[in-house]
Amino acid sequence: MATATATGTTSAEYKAAQPKVPVWKTIRLYAGVALIVVWGLAPFYWMVVTSLRDLQYTFDTTPYPTHVTLDNYRTVFDTDLGNHFGRALLNSLFIGVCTTLIGLAVGVFAAYALARLEFRGKFVVLGIVLGASMFPGVALVTPLFQLFRNIGWFGTYQALIIPNISFVLPLTIYTLTAFFREMPWELEEAAKIDGATPGQAFRIVILPLAAPGLFTTAILAFIASWNEFLIASQLSNDKTQPVTVAIAQFTGSQPQVEPYTAVMAAGTVVTIPLIIMVLLFQRRIVDGLTAGGVKG
Amino acid sequence: MSAQTTGSAVASEEAPKLKKKGKGGGDEDRELIDPHQARRAYVLIAPTIVLLAIVIGYPVLRAVWMSFQQDAKLDPQTGFFQEGGFAGFENYTHWLLQRCGDTSCPVGTTAAGFWEVVWITCFFTIVTVTLELVLGFAFALIMNGKYRGRGLVRASILIPWAIPTAVTAKLWYFIFAVNGIANALLNTDILWFSDKWAARFAIIIADVWKTTPFMALLILAGLQLISADIYEAAKVDGASAWQRFTSITLPLVKPALMVALLFRTLDVLRMYDLPAIMTGGGAGDGNDTTTLSILVVEEIRSAFNSAAALSTLTFLFVFLVAFVFIKFLGVNAVEQSAGGKRK
Numbered sequence: 001m002a003t004a005t006a007t008g009t010t011s012a013e014y015k016a017a018q019p020k021v022p023v024w025k026t027i028r029l030y031a032g033v034a035l036i037v038v039w040g041l042a043p044f045y046w047m048v049v050t051s052l053r054d055l056q057y058t059f060d061t062t063p064y065p066t067h068v069t070l071d072n073y074r075t076v077f078d079t080d081l082g083n084h085f086g087r088a089l090l091n092s093l094f095i096g097v098c099t100t101l102i103g104l105a106v107g108v109f110a111a112y113a114l115a116r117l118e119f120r121g122k123f124v125v126l127g128i129v130l131g132a133s134m135f136p137g138v139a140l141v142t143p144l145f146q147l148f149r150n151i152g153w154f155g156t157y158q159a160l161i162i163p164n165i166s167f168v169l170p171l172t173i174y175t176l177t178a179f180f181r182e183m184p185w186e187l188e189e190a191a192k193i194d195g196a197t198p199g200q201a202f203r204i205v206i207l208p209l210a211a212p213g214l215f216t217t218a219i220l221a222f223i224a225s226w227n228e229f230l231i232a233s234q235l236s237n238d239k240t241q242p243v244t245v246a247i248a249q250f251t252g253s254q255p256q257v258e259p260y261t262a263v264m265a266a267g268t269v270v271t272i273p274l275i276i277m278v279l280l281f282q283r284r285i286v287d288g289l290t291a292g293g294v295k296g
Numbered sequence: 001m002s003a004q005t006t007g008s009a010v011a012s013e014e015a016p017k018l019k020k021k022g023k024g025g026g027d028e029d030r031e032l033i034d035p036h037q038a039r040r041a042y043v044l045i046a047p048t049i050v051l052l053a054i055v056i057g058y059p060v061l062r063a064v065w066m067s068f069q070q071d072a073k074l075d076p077q078t079g080f081f082q083e084g085g086f087a088g089f090e091n092y093t094h095w096l097l098q099r100c101g102d103t104s105c106p107v108g109t110t111a112a113g114f115w116e117v118v119w120i121t122c123f124f125t126i127v128t129v130t131l132e133l134v135l136g137f138a139f140a141l142i143m144n145g146k147y148r149g150r151g152l153v154r155a156s157i158l159i160p161w162a163i164p165t166a167v168t169a170k171l172w173y174f175i176f177a178v179n180g181i182a183n184a185l186l187n188t189d190i191l192w193f194s195d196k197w198a199a200r201f202a203i204i205i206a207d208v209w210k211t212t213p214f215m216a217l218l219i220l221a222g223l224q225l226i227s228a229d230i231y232e233a234a235k236v237d238g239a240s241a242w243q244r245f246t247s248i249t250l251p252l253v254k255p256a257l258m259v260a261l262l263f264r265t266l267d268v269l270r271m272y273d274l275p276a277i278m279t280g281g282g283a284g285d286g287n288d289t290t291t292l293s294i295l296v297v298e299e300i301r302s303a304f305n306s307a308a309a310l311s312t313l314t315f316l317f318v319f320l321v322a323f324v325f326i327k328f329l330g331v332n333a334v335e336q337s338a339g340g341k342r343k
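Those sequence lines, one after another, are chains A and B. Each residue of the first sequence is one higher than the one before, counting from 1 in the UniProt record's numbering. Each residue of the second sequence is one higher than the one before, counting from 1 in the UniProt record's numbering.
Bear in mind the hints are in silico, worked out from the structure with no lab data behind them. Even for Gly, the Cβ is constructed at its ideal location relative to N, Cα and C. Be a bit skeptical, because a hint or two may be false.
[To be verified] Computed list of lysine-lysine pairs in DSSO-like fashion (alpha-carbon distance at most 30 Å, straight line): (1) Lys-235/B / Lys-25/A; (2) Lys-327/B / Lys-196/B; (3) Lys-327/B / Lys-122/A; (4) Lys-25/A / Lys-146/B; (5) Lys-254/B / Lys-235/B; (6) Lys-122/A / Lys-192/A; (7) Lys-122/A / Lys-146/B; (8) Lys-20/A / Lys-327/B; (9) Lys-254/B / Lys-196/B; (10) Lys-254/B / Lys-122/A; (11) Lys-25/A / Lys-254/B; (12) Lys-235/B / Lys-327/B.
[Unchecked claim] Simulated restraints, written as ranges between beta carbons of each label pair: (13) Trp-197/B / Phe-77/A: 34 to 40 Å; (14) Asn-237/A / Ile-54/B: 19 to 25 Å; (15) Gly-152/A / Val-64/B: 22 to 28 Å; (16) Phe-123/A / Ser-302/B: 40 to 46 Å; (17) Gln-243/B / Phe-77/A: 35 to 41 Å; (18) Leu-70/A / Phe-245/B: 48 to 54 Å; (19) Leu-35/A / Ile-126/B: 20 to 26 Å; (20) Gly-127/A / Ala-233/B: 15 to 21 Å.
[Said to hold, decoys possible] Just some of the chain B residues that point at chain A, by a computed CB distance under 7 Å: (21) Pro-35; (22) Gln-37; (23) Ala-41; (24) Thr-48; (25) Phe-89; (26) Gly-145; (27) Arg-150; (28) Leu-217; (29) Ser-311; (30) Leu-313; (31) Phe-325.
With these hints in hand, go ahead and build the complete structure from the sequences.
What follows is the structure, encoded as structure tokens:
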């Protein structure tokens with residue numbers, strides 16, 4: 001079983017029994033920890049530092065900000081060069097919120113059934129959900145490209161939301177099922193015994209308990225949708241394109257010069273909301289990420 | 001009733017729920033599946049199945065149907081564009097056997113490069129997943145140790161995971177620029193995106209950077225399930241660190257490891273964003289970083305139906321690999337996600 005490590009010793013006794021860790025092992029451990037932190041932060045740090053540099057000093061290798069300017073951020077939101085970055089941000093937000101809400105609204109019921117109810121065909125349903133989550137997005141692009149052109153949906157928001165559901169819904173179900181399985185459902189039974197209807201038991205007892213799981217799932221779903229590129233790059237137009245596509249197609253003021261610093265600024269803008277989420281909810285995100293796959 | 005109440009107290013575990021409360025309370029036959037419960041389950045699951053049928057089922061069937069249609073082409077006799085009609089397996093032989101009409105496809109066409117693209121996709125997959133596995137395992141072992149600053153480590157490892165792949169691509173595109181920081185640090189002048197091997201490894205490095213955290217977190221979650229007592233017992237019995245790793249850590253973490261491996265393998269097989277943005281599938285002779293997904297997107301521009309055949313092939317290939325993992329390597333993804341077989 002996952003939670004209880006069937007041990008007779010208390011943690012205090014256990015600690016006392018532990019031999020002292022040799023110094024070289026501690027050094028090795030912290031060297032490893034430092035390596036992981038550098039791995040995660042260094043490229044991101046470089047993006048932020050570059051985004052603050054004057055275009056002329058794009059390739060300066062000083063490891064801290066030099067020739068500091070906010071021009072790049074101004075360039076990012078400048079529409080004169082044919083970039084619609086501000087609009088793209090709103091598009092991504094809108095598409096992400098819609099996809100997440102639909103995924104949660106539908107997935108929460110399926111996850112409840114999979115976690116809590118016994119029925120024939122459960123494994124078939126799990127297999128379908130799992131198969132859907134492994135599905136290559138590129139296999140949707142061809143038929144949807146043609147279909148949406150035929151029915152005049154090409155470049156519309158629904159043409160971007162619908163394909164996103166294909167990977168957000170399985171993700172939602174997968175994560176929520178794992179969360180629901182860990183919940184203290186006896187409380188639901190207790191509420192019913194106390195005279196609550198199933199609906200009341202769900203609203204008053206279960207929903208507050210499930211809220212953290214739902215919230216984490218929403219974050220994961222939103223990030224997945226926010227980060228989607230392949231389908232959006234084929235099915236969006238200038239008006240509906242999300243930020244990932246806008247960044248990939250970003251053009252600078254001088255055609256000969258790659259607008260690296262502005263692109264790094266754009267990348268920073270896109271990443272900041274995600275970094276904030278990661279900082280606030282890191283523990284939950286890790287739980288959610290590993291929920292489906294590992295708790296065995 | 002009392003039996004049922006105690007029954008439900010342990011119900012968060014796997015003990016199959018025998019039934020929910022019968023209306024009159026008491027003793028109906030103890031069948032394994034309660035029809036009321038089953039009916040409720042089907043009602044709750046129906047919207048998901050309907051939605052998946054719309055967003056995946058229908059497009060897939062449409063793609064399969066398209067793949068057996070001929071693409072419209074110029075009729076040499078009339079000079080008009082002509083709708084294709086039924087194509088049989090023509091669109092499939094186009095890719096698999098490089099048949100363009102009655103002749104083999106000339107060099108330089110998308111079809112002529114098909115097997116090369118399959119090879120490149122597999123190469124990316126094997127190298128990337130192997131590197132991620134080794135690094136991810138190392139990271140997980142480090143993170144499983146006792147140290148201060150867990151929050152910082154967890155936050156920094158989540159950053160590559162959270163950054164959109166499109167941004168990752170642009171970021172590494174800048175890092176690997178000719179005058180960029182990579183060449184500066186290595187003291188080299190490599191043209192990363194012109195040479196085919198340099199370009200391939202630039203993409204691999206970017207992918208490994210982004211997804212090793214995911215692998216590490218999954219493996220770490222597996223490691224945390226292993227009780228410290230087992231290691232203590234092994235130590236008392238005189239097992240060396242290496243023996244403890246190979247005969248305790250590896251076998252116990254294997255289920256988590258295999259699921260992580262499966263997910264990542266399928267992810268890299270459908271890789272698109274990084275090469276599409278970093279090289280456009282180019283470098284070297286022109287197609288040296290083209291993956292299957294990039295090839296499909298290129299083909300959409302010229303011929304829908306043969307693109308549909310190619311995307312169907314890609315999808316079959318991905319599922320074949322998933323099948324091999326589940327069937328022969330014993331990855332029990334469904335059962336794991338069902339939480340079954342807890343030990």
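Results for each hint:
1. Distance hint between Lys-235/B and Lys-25/A is fulfilled; the C-alpha atoms sit about 17 Å from each other, no more than 30 Å.
2. A threshold of 30 Å between alpha carbons decides the hint, and for Lys-327/B with Lys-196/B the separation of about 35 Å lies outside it, so the pair is violated.
3. Our distance criterion of 30 Å between C-alpha atoms is met by Lys-327/B and Lys-122/A, whose separation comes to about 19 Å.
4. Between Lys-25/A and Lys-146/B the CA atoms are separated by roughly 11 Å; this keeps the pair inside 30 Å, and the hint holds.
5. The straight-line distance between the Cα atoms of Lys-254/B and Lys-235/B is roughly 21 Å, inside the 30 Å bound, and the hint therefore holds.
6. At most 30 Å may separate the alpha-carbon atoms for a hinted pair to count; Lys-122/A and Lys-192/A meet this at roughly 26 Å.
7. Note on Lys-122/A and Lys-146/B: the hinted pairing is violated, with a Cα-Cα distance of about 40 Å set against a maximum of 30 Å.
8. Straight-line distance between C-alpha atoms of Lys-20/A and Lys-327/B comes to about 46 Å, which puts the hinted pair past the 30 Å bound.
9. For the suggested pair Lys-254/B and Lys-196/B, the alpha carbons sit about 35 Å apart, so the restraint of at most 30 Å is broken.
10. Among the hinted pairs, Lys-254/B with Lys-122/A is consistent with the structure: their alpha-carbon atoms are about 25 Å apart, no more than 30 Å.
11. For the hint pairing Lys-25/A with Lys-254/B, the CA-to-CA distance comes to about 26 Å; that is within 30 Å, so the pair holds.
12. For the proposed pair Lys-235/B and Lys-327/B, the alpha carbon gap of about 36 Å is over 30 Å, so the pair is violated.
13. Taking 34 to 40 Å as the suggested C-beta distance range, the pair Trp-197/B and Phe-77/A conforms, at roughly 39 Å.
14. The hinted window of 19 to 25 Å between Asn-237/A and Ile-54/B holds, with their beta carbons roughly 23 Å apart.
15. Range check, Gly-152/A to Val-64/B: about 24 Å between beta-carbon atoms, so the 22 to 28 Å window is met.
16. Checked against the given bound of 40 to 46 Å, the beta carbons of Phe-123/A and Ser-302/B, roughly 42 Å apart, stay inside it.
17. Here the CB-CB span from Gln-243/B to Phe-77/A is close to 59 Å, at odds with the stated 35 to 41 Å.
18. Separated by about 51 Å at the C-beta atoms, Leu-70/A and Phe-245/B satisfy the suggested range of 48 to 54 Å.
19. Distance hint check: the CB atoms of Leu-35/A and Ile-126/B are about 25 Å apart, consistent with the given range 20 to 26 Å.
20. Separated by about 38 Å at the C-beta atoms, Gly-127/A and Ala-233/B break the suggested range of 15 to 21 Å.
21. Interface restraint check for Pro-35/B: the shortest CB-CB distance to chain A comes to about 9 Å, outside 7 Å, so the restraint is violated.
22. Taken as an interface hint, Gln-37/B checks out: its beta carbon lies about 5 Å from the nearest beta carbon of chain A, inside 7 Å.
23. About 4 Å separates the beta-carbon of Ala-41/B from the nearest beta-carbon of chain A, less than 7 Å, and the hint is met.
24. Of the supplied interface hints, the one on Thr-48/B holds, with its beta-carbon coming within about 4 Å of a beta-carbon of chain A, less than 7 Å.
25. Using the Cβ-Cβ criterion of 7 Å, the hint placing Phe-89/B at the interface with chain A is not satisfied: the shortest such distance is roughly 17 Å.
26. Checking Gly-145/B against chain A by beta carbon gives a least distance of about 5 Å; that is within 7 Å, so the hint holds.
27. Evaluation of the Arg-150/B hint against chain A yields a violated restraint, the C-beta minimum of about 9 Å exceeding 7 Å.
28. At its closest, the beta carbon of Leu-217/B sits 6 Å from a beta carbon of chain A; the interface hint therefore holds under the 7 Å criterion.
29. For Ser-311/B, the shortest C-beta to C-beta distance to chain A is roughly 4 Å, which falls under 7 Å, so the interface hint holds.
30. Taking 7 Å as the C-beta contact cut-off toward chain A, the hint placing Leu-313/B at the interface is violated, the least distance being around 9 Å.
31. Using the Cβ-Cβ criterion of 7 Å, the hint placing Phe-325/B at the interface with chain A is not satisfied: the shortest such distance is roughly 10 Å.
Hints 2, 7, 8, 9, 12, 17, 20, 21, 25, 27, 30 and 31 from the list above are not met by this structure, while the remaining hints are.
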